[in-house]
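Trainee: If you read the sequences in order, they're chains X and Y. Just so we're aligned: the first sequence equals residues 25 to 256 in this note's numbering. Just so we're aligned: the second sequence equals residues 103 to 586 in this note's numbering.
Keep in mind the hints are simulated off the structure, nothing from the lab. Remember, predicted model here, so these are calculated numbers, not experimental data. Please note that the accuracy of each hint is not assured.
[Stated by the list, open to error] Here are the simulated DMTMM-like cross-link-like pairs (lysine to aspartate or glutamate), alpha carbons at most 20 Å apart as the crow flies:
1) Y/287 with Y/347
2) Y/579 with X/108
3) Y/493 with X/95
4) Y/493 with Y/479
5) Y/493 with X/86
6) Y/346 with Y/167
[Unchecked claim] Covered stretches of chain Y (in silico footprint by chain X; criterion: 3 or more residues with CB under 8 Å from a CB of chain X, positions within the stretch not fixed):
7) 477–489
8) 498–504
[To be verified] Restraint-style ranges between C-beta atoms, simulated for each label pair:
9) X/75 with Y/413: 19 to 25 Å
10) Y/413 with X/253: 41 to 47 Å
11) X/155 with Y/567: 27 to 33 Å
12) Y/397 with X/87: 29 to 35 Å
13) X/52 with Y/494: 33 to 39 Å
14) Y/423 with X/135: 42 to 48 Å
15) Y/448 with X/37: 52 to 58 Å
16) Y/405 with X/223: 49 to 55 Å
17) X/75 with Y/580: 26 to 32 Å
18) Y/480 with X/155: 50 to 56 Å
Positions of the beta carbon are idealized from the N, C-alpha and C atoms, including for glycine.
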Amino acid sequence: MIEIKNVSFTYADGTKGLIDFSASFPPEHIFGVLGESGSGKTTLLNCIGRFLNPEKGSIYIDGDNILNMKELDFRRKIGVVFQDLYLFPHLTILENMILAPCKVQKVTSKKARTEAREMLTRLGIEDIADSYSAQVSGGQAQRAAIARGLMLKPKYMLLDEPTAALDAGTTKEFAEWLRELQEESNFIIVTHDVPFAKSIASRGIYMHNGKKIHSGNIQNIIDVWDTDFNKR
Amino acid sequence: MFNIYSKNRTVCFIFLLLFFIIFYPLSVYGQKETPTMTMTSALTGKYPPFSYFGTDGELTGFDVDVSKEIARRMGVRLKLVTTEWDGILAGLLAGKYDVIIGSMAVTPERENQVNFSVPYYHSGAQLFIHRDNPAKVYSIEECKGKQIATGLGETYQHYLEVHYPEVNVITLKSTAEIFSLLKQKRITGFVSDRLVGSWQINKSGRPFVPVGDMLYREDIAIPVRKEDKVLLSEINNAIIEMKKDGTLKEIHNKYFGLNQDQSEEQNSQMPQSVIISKLLGGFAITIGIALISIVMGFVLAIPCGLLLTYRKGVLVVPSMISRTIVDFIRGTPILIQLLFVWMGMGLSPYIAAVTTLGINTMAYMAEVIRAGLMSVDPGQARAAQALGLSKIQRFRFVIWPQAFRIAVPPLMNSVVALTKDTALISIISIPEVIREAQSIISVTFEPGKYYFITAVLFFIVTFPLMKLAGRLEKRIKQKGYVYD
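Required output: the full structure, derived from the provided sequences and hints.
Mentor: Spelled out as structure tokens, the structure:
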């Protein structure tokens, strides 16, 4: 369980990212965090991922305050795939995947390579193992970035706008693909893509202006969003 | 009998050996007493027949012979260094050498800075023009508004400016340049030493003639630093002796005497093999200095580039220092830096060249490395952090490899620029390719040909580098390293 308690974050220019935000994300296969652009979704993700320090409030993962966790223990709990993926362009997809196991976990290169290839096969993208990120399609890159994140076997995996760069057809394929990753991790998907969220998550939360508006069943959330949208 | 002889021989040999072991060090010690002092003398090597590189590529000429004779009479070893005329006096004052035996005229301005010996010859300023005389001038008085050339830093320039202010004086670095301009009739004439001018015209076979009277007579003497009083009196004694016993006259005749035509014939053609070995030898020095400077510059540029990029915490002060150094170096002419390091800091020419070029390359490469680091998307570091990589690991495995690949093409351009900048070191008397070309030109009078060959030599090295840089740039763009 990821618990966020009364977290506030303000950017240097005064923009409020999160305002006294509280929520909890149960370990669920796919959990949706919905909201429009500027609603604070990515700020939230950056706070959970320890890339931003909240000025107020705390975040707990399975009962531990994330600020007290050792870096490696923390990264084994939380994996992050950014909206822009940030695959390392000077490395092949396989090398991208084994970098952390080899350098951080000190796994031998041979073992890491075998594991990475197994992972790629499991995810159905083994053919791009030796390609560079500039040589693969948007959908493949998205999967490769998730594969890289999964190498550390994090309990939770945060995906920021995973469908942002995908067209409708690829989004559908991607959703199906993601649904099959039951065993790998608990995915928390930050998105403003309502149909995608609906197709993939059963539960989630809805954010607006740095605050939580609603949480629970995904259909409920979408209804609230629609009403909200019509009101404005 | 044979046996005894053989024994004797062995004994003799042992005695001889002992003799050498005991006395050889003494003899060496004894020898040292006479030529222990070295007198270093500067000249241009580009002022035939006073100083120039002969057919064998060795420094020769009237001044060289006089230098050798003076040194012999003083009982000192002679070391000749060649340097540019326009910085020759500053070099003396900076202690780069002890004397200038290089046909320097005595002037009041120079006497303020140095002490001159008694004159070792007299000459004078003479106007020379093209035989066709398109401007119809017959004396310096008729040259108002006309372009008259002199060598840069020579007394004639100052003299003309003071006494004939209406003459349009242009200064050029070498006789070869003056000759080619006059041959093309782009200047009206030139003022030079009467002896030298006639000798050079004769030797180069150019259609130039002296016109009018000598502008003035001048005493040619040897300058020494004001504090070197003993040296000055020793030189004076040597010159006075040489005048008395006719040695000076002999040397003069060797270069300007009646039988000079034969030796001139030999001198006017430098053998092809000497030319080639001078050019290639010079070019080897150019490339050697470039290589050392590039390696040094690159090694220094990495920490410097990092400091320019990461300016937080404990790095604030070192970063500010790096920024200041880089800005200062990039904002000042490399020529000044070179002269400062050479004369101002008193380093030897090679060390000065490598230091200046190396630090200069560092400044430019550090900026390139900074730009490379800046153009890596900050998200890359965040993604690496998300994977649990430490700060150092993020830099080592993610940021630096990308930054370096981005930096490679502009780094190559720095290498090309530096290779070309080595041309400047000819001014601090390093016999690199341009200086060698100039010395060849001072004998052959073919500036077009030899400057072109020199340019081609540079191009052979820089062209593949430029091509390589272009290709790498293309590959880097394809791989999508650059973020904007």
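Trainee: Are the hints correct? Go through all of them and say.
Mentor: To see whether the hints hold, each was checked on the structure:
no.	hint	result
1	Y/287 with Y/347	violated (45 Å)
2	Y/579 with X/108	holds (18 Å)
3	Y/493 with X/95	holds (11 Å)
4	Y/493 with Y/479	holds (15 Å)
5	Y/493 with X/86	violated (26 Å)
6	Y/346 with Y/167	holds (17 Å)
7	477–489	holds (count 9)
8	498–504	holds (count 4)
9	X/75 with Y/413: 19 to 25 Å	holds (21 Å)
10	Y/413 with X/253: 41 to 47 Å	holds (45 Å)
11	X/155 with Y/567: 27 to 33 Å	holds (31 Å)
12	Y/397 with X/87: 29 to 35 Å	violated (56 Å)
13	X/52 with Y/494: 33 to 39 Å	holds (36 Å)
14	Y/423 with X/135: 42 to 48 Å	holds (46 Å)
15	Y/448 with X/37: 52 to 58 Å	holds (54 Å)
16	Y/405 with X/223: 49 to 55 Å	holds (52 Å)
17	X/75 with Y/580: 26 to 32 Å	holds (30 Å)
18	Y/480 with X/155: 50 to 56 Å	violated (25 Å)
When each numbered hint is compared with the structure, violations occur for hints 1, 5, 12, 18.
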